[in-house]
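Engineer: As you go down the protein sequences, you meet chains A and B in turn.
Take 981 as the starting number for the first sequence in the numbering used here and just add one per residue.
Take 18 as the starting number for the second sequence in the numbering used here and just add one per residue.
Hints listed in this document are in silico derivations from the structure and should not be mistaken for laboratory results.
Misleading hints may appear alongside valid ones.
To be verified - Which residues of chain A face chain B? A few of them, derived with a C-beta cut under 10 Å, are:
#1 998
#2 1022
#3 1067
#4 1108
#5 1128
Ideal Cβ positions, reconstructed from N, Cα and C, are used throughout, including at glycine.
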Amino acid sequence: MGLLSIFTGLCIIVSLIVNRHKTWAGVKKGALMFFRLLPTLVLMLALVSIVLYLIPEEKLSEYMGAGSGIAGWMTAALFGSVALIPGFIAYPLCGILIKSGVAYSVIAVFITTLMMTGFLTLPLEARFFGWRVSIIRNIVSLAAALLIGLIMGFFL
Amino acid sequence: MKDVKKYIFPVIFLILIGLSWLFDFASGEQIGLNFWMFFKEMILFLPLMFILIGLFDVWVPREKIEKHISKESGWKGTGLVILLATLQAGPLYSAFPFAYILWKKGCSIRNVFIYLGAFSTIKIPMLTFEIGFLGLKFSLLRTLITMPVFILIGYLMEWYLKDKDFEVKQP
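Just need the whole structure built from these sequences, with the hints factored in.
Structural biologist: Here is the structure:
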């Protein structure tokens, strides 16, 4: 975060020195895009906060820890696709799950769906790629995550 | 009319959260806290990213990078977008605006989706976290298995979209 602010600041300063006009145009363009996306972003974060309230973290580990085999896989894929947990929370959680006996392949499915698919971010994704392509990308990624988990299961 | 519709749900949500605080409705307050946590993270991070994207757009001419990442760029282009993605940080939704700008600068459909795949699964800042909590073996294996899979997804999306007039829209 700090790094990004410094980097952005430096870019703006260098850009200002070279050409004030162009800098203004670029910053305006970026800001405009951000403000046009803002309502969709707020909607997405609202959905995320409601889902996170309905499925708290402790419940998450309980369900995935209890279900091994197919049930565990499906739970992991489902939670991973719906949830939007930042990495710095997700990885410690996975560490705990491993210690409580969840299989590595289930963790791989959870991590991969968590990262590659986002059903709650669909409204946002659709603004860029359209609904049809966004839905296809998410479904293909979900299938890919299951495949990755399956292969991981062979090795670990 | 379409613009008004866009604002209705967010506004209703915020009003409901406000009412929850007023009347001490616990579930609503908790959802409000969750929302604030995510909103804080986003509002600090995304505007900076959009400014960078705006600057990138005005300073980098399409001709300069098109030949490196376009349809004709082959494996070099794919390698380039993967490298670019692994060096970034942030949640998946912050990759969409960058995917748009790559597309605008002439990136091929395949490379746009490979970029998204690499961004979501093998960012280096995130890998360090993963190795710390799940071990080097897990992380290495997952990376090696995931990479061909998302490259395949890139080819699949390109094949599916090749005569469908697909474009990445400016939001």
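Engineer: Have a go at the residue 1022 (chain A) hint: is there a Cβ in chain B nearer than 10 Å to its own Cβ?
Structural biologist: holds (4 Å)
Engineer: Measuring from the C-beta of residue 1067 (chain A) to each C-beta in chain B, is the shortest one below 10 Å?
Structural biologist: Holds: closest Cβ of chain B sits about 5 Å from residue 1067 (chain A), inside 10 Å.
Engineer: Quick check on the hint: residue 1128 (chain A) CB to chain B CB, less than 10 Å?
Structural biologist: Hint on residue 1128 (chain A): holds, closest Cβ of chain B at ~5 Å, below 10 Å.
Engineer: Under 10 Å, Cβ to Cβ, is where residue 998 (chain A) needs to be relative to chain B, so tell me if that hint holds or is violated.
Structural biologist: holds (9 Å)
Engineer: Take the shortest C-beta to C-beta distance between residue 1108 (chain A) and chain B; is it under 10 Å?
Structural biologist: Result: holds, 5 Å to nearest chain B Cβ.
Violated hints for the displayed structure: none, as all numbered hints are satisfied.
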